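There are 2 protein chains.
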Amino acid sequence: MSVLTGPVEIVGTGLIGTSIALACRRAGLDVLLSDTAPEHVRTASGLGAGRPRTPEDVPQLVVVAVPPDALGTTIRAALDAAAPDTVVTDVGSVKAAPLDAVAGHPAASRYVGSHPMAGTEHSGPLSANPFLFDGRPWAIAAGPGAAPAAIRVVQALVELCGALPVRLTPAEHDKAVARTSHVPHLLASLVAGTLAGAAPEHLALSGTGVRDVTRVAGGDPQLYSQIIGGNASAVAALLAEVRDRLDLLLEAVGSGDRAGLESLLSHGLAGTRAIPGKHGGPPQPMVELHVAVPDHPGELARLFADAGDSGVNIEDVRIDHDPGRPVGLVELDVAAERAEELRAALESKGWVTHR
Amino acid sequence: MSVLTGPVEIVGTGLIGTSIALACRRAGLDVLLSDTAPEHVRTASGLGAGRPRTPEDVPQLVVVAVPPDALGTTIRAALDAAAPDTVVTDVGSVKAAPLDAVAGHPAASRYVGSHPMAGTEHSGPLSANPFLFDGRPWAIAAGPGAAPAAIRVVQALVELCGALPVRLTPAEHDKAVARTSHVPHLLASLVAGTLAGAAPEHLALSGTGVRDVTRVAGGDPQLYSQIIGGNASAVAALLAEVRDRLDLLLEAVGSGDRAGLESLLSHGLAGTRAIPGKHGGPPQPMVELHVAVPDHPGELARLFADAGDSGVNIEDVRIDHDPGRPVGLVELDVAAERAEELRAALESKGWVTHR
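Protein chains in written order, with UniProt numbering: chain S, 1 to 355; chain U, 1 to 355.
Treat the hints as calculated values from the structure; they're not laboratory data.
Keep in mind the model is a prediction, meaning the values are calculated, not measured.
Errors might be hidden in some of the hints.
Listed below are several chain U residues computed to face chain S (Cβ distance under 10 Å; list not exhaustive) [to be verified]: (1) LEU15; (2) GLU39; (3) PRO106; (4) ALA107; (5) SER109; (6) LEU160; (7) LEU164; (8) LEU186; (9) GLU201; (10) PRO221; (11) LEU265; (12) LEU269; (13) ALA270; (14) GLY308; (15) VAL317.
Ideal placement from N, C-alpha and C gives every residue a C-beta, glycine not left out.
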């Protein structure tokens, strides 16, 4: 039996908070909702995410799910109000700053920060889903003074949500997300910035590469300035390394040093191979198969039906935006050793494919 | 009737050259093949891409499709050997350098450089496809001395391949691809480089964002060092701008200047919106719908069949790699005004969706 028996209080009923609430309700726990916007509580409650918290309620676990800039004060307030056994966690995207904010609090040992790696492009309780965390990494970043019993309660929440607990110190966590999230976001944003105001006939040459590189830069600048600003020291340290390497790159390009340029590109290639593969395993050799697909409803269904009949699993799909024709190119990623089989199966059904 | 009547000679029977050859054969033209590797000519010829060139053949158009570093000398050699009316083009990814290489050649007015925006991740004639260029932009970058008749022949080739001609000067072309391709590639490579050698428990927090940003950095370093090195001055100029902006970013992050950080992120957001949308139109408001899909053959087919039944067109698809579970999250991009309709249709068929 889980050590998490409830009630669970959710402070902040946005996308993440309401999704956690729904997952807890699904597991049969009593869920208490609070938010500075009462209409959010009503909406979340109407979705079956729990009931408004009353002053008599005594939660076992408080989950603080508020915007980055409000984390510290909200966590302290939760500890101030907590019963002697209540555990407090938060789901903010940085972990050293909230820990600093509770330093010296008499109940600080019952605070254990955490961070689910799940979608943040959309917001609000209406986008919530109890499966949001299914199979996703969820960092648990306990401070050195955290009580083991409190850590166990937070770990139970992570497991209840179907996520994969990843234990890191708060400082390690912040360095990790600087590397895997914040610095990539900033560099994507710099690349995207070079497109703003460019001549349309130049932008007409945009292919899939630049779309991929810049996609995350489409996120909300206000939210990301809070997230990244809250992790300033880890981000600045890594960004300074990137700047130094950019200087080397600029020197290699400017001086015609092909070997230097190739060496920097090879370092990048090695980095792409370091990203863990599907299901947490080592990266698998994949092959891309391109298929021409008429751009109207039903054609993708026919393609995937034919692909499904082949018995070859498709690991990833992308539709290559085609700037001029009512035909899309669909890119199917499949395990290298099954690619020919899939290609033959699709060609036999009349699809035009190429590698 | 097209001004392109053949024969067309393809010099370099790799992916691009053989694909052009196949498109020309499909249009009924006589195609002559040559390559420094005789086995490539045999392979391409075996695929129906044309016949080996003989000394007696007189091509109307020579298409030079060789690696970047060999472009200049191969184009000059083609002009040296050309009959008085033969036109020469190339499909290299930079355009100022090959034009410089033919400067002063007596037949220089019959050289018109071009550049199809089509896949280069794979190589060799076996990956070739006559539809490779269908609907893709194809830059035509004539120098100031190019003969109008020569430009018309190259334009006819572009149209025969089903591509969309984009007229630019060679210098403009090189600036455009520095912006839409080379600098994004280099920055993706720098981001990827920060992952090389990082702790596996840090990399475990990698989400879709960093995978998107770094995807192009998986390209062949040797090929890209030739491509980017061949466009050194345009790349270095833009890269220097990015470096200056990175310094501003570093200062904003380091000094806690949230407004400055947000302003840089907003500039990036504006850039993502400048990229042309599907079918060359203005970017459309899109919404992402996430659907949980069991990770085995047939489930994607069922999803797309249900989506097809709804009559809502799916503009893009991505499978979100799920590091721990045999369930994938599929992200469907649809026009904002049709999203609720699709969501309702899928939910009614038992799919679990969220925005």
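Hints and how they fare:
1. LEU15: With Cβ-Cβ at 9 Å, under 10 Å, it holds.
2. GLU39: violated (19 Å)
3. PRO106: Violated - the Cβ of PRO106/U stays beyond 10 Å from chain S, reaching only about 29 Å at its closest.
4. ALA107: Violated: closest Cβ of chain S sits about 28 Å from ALA107/U, beyond 10 Å.
5. SER109: Interface hint status for SER109/U: violated (24 Å vs cutoff 10 Å).
6. LEU160: violated (15 Å)
7. LEU164: holds (4 Å)
8. LEU186: holds (6 Å)
9. GLU201: holds (6 Å)
10. PRO221: Holds, because the Cβ-Cβ distance from PRO221/U to chain S comes to roughly 4 Å (cut-off 10 Å).
11. LEU265: holds (4 Å)
12. LEU269: holds (6 Å)
13. ALA270: Since chain S brings a Cβ to about 4 Å from ALA270/U, closer than 10 Å, the hint holds.
14. GLY308: Status holds, d = 4 Å.
15. VAL317: holds (5 Å)
Hint compliance for this structure: hints 2, 3, 4, 5, 6 are broken, all remaining hints hold.
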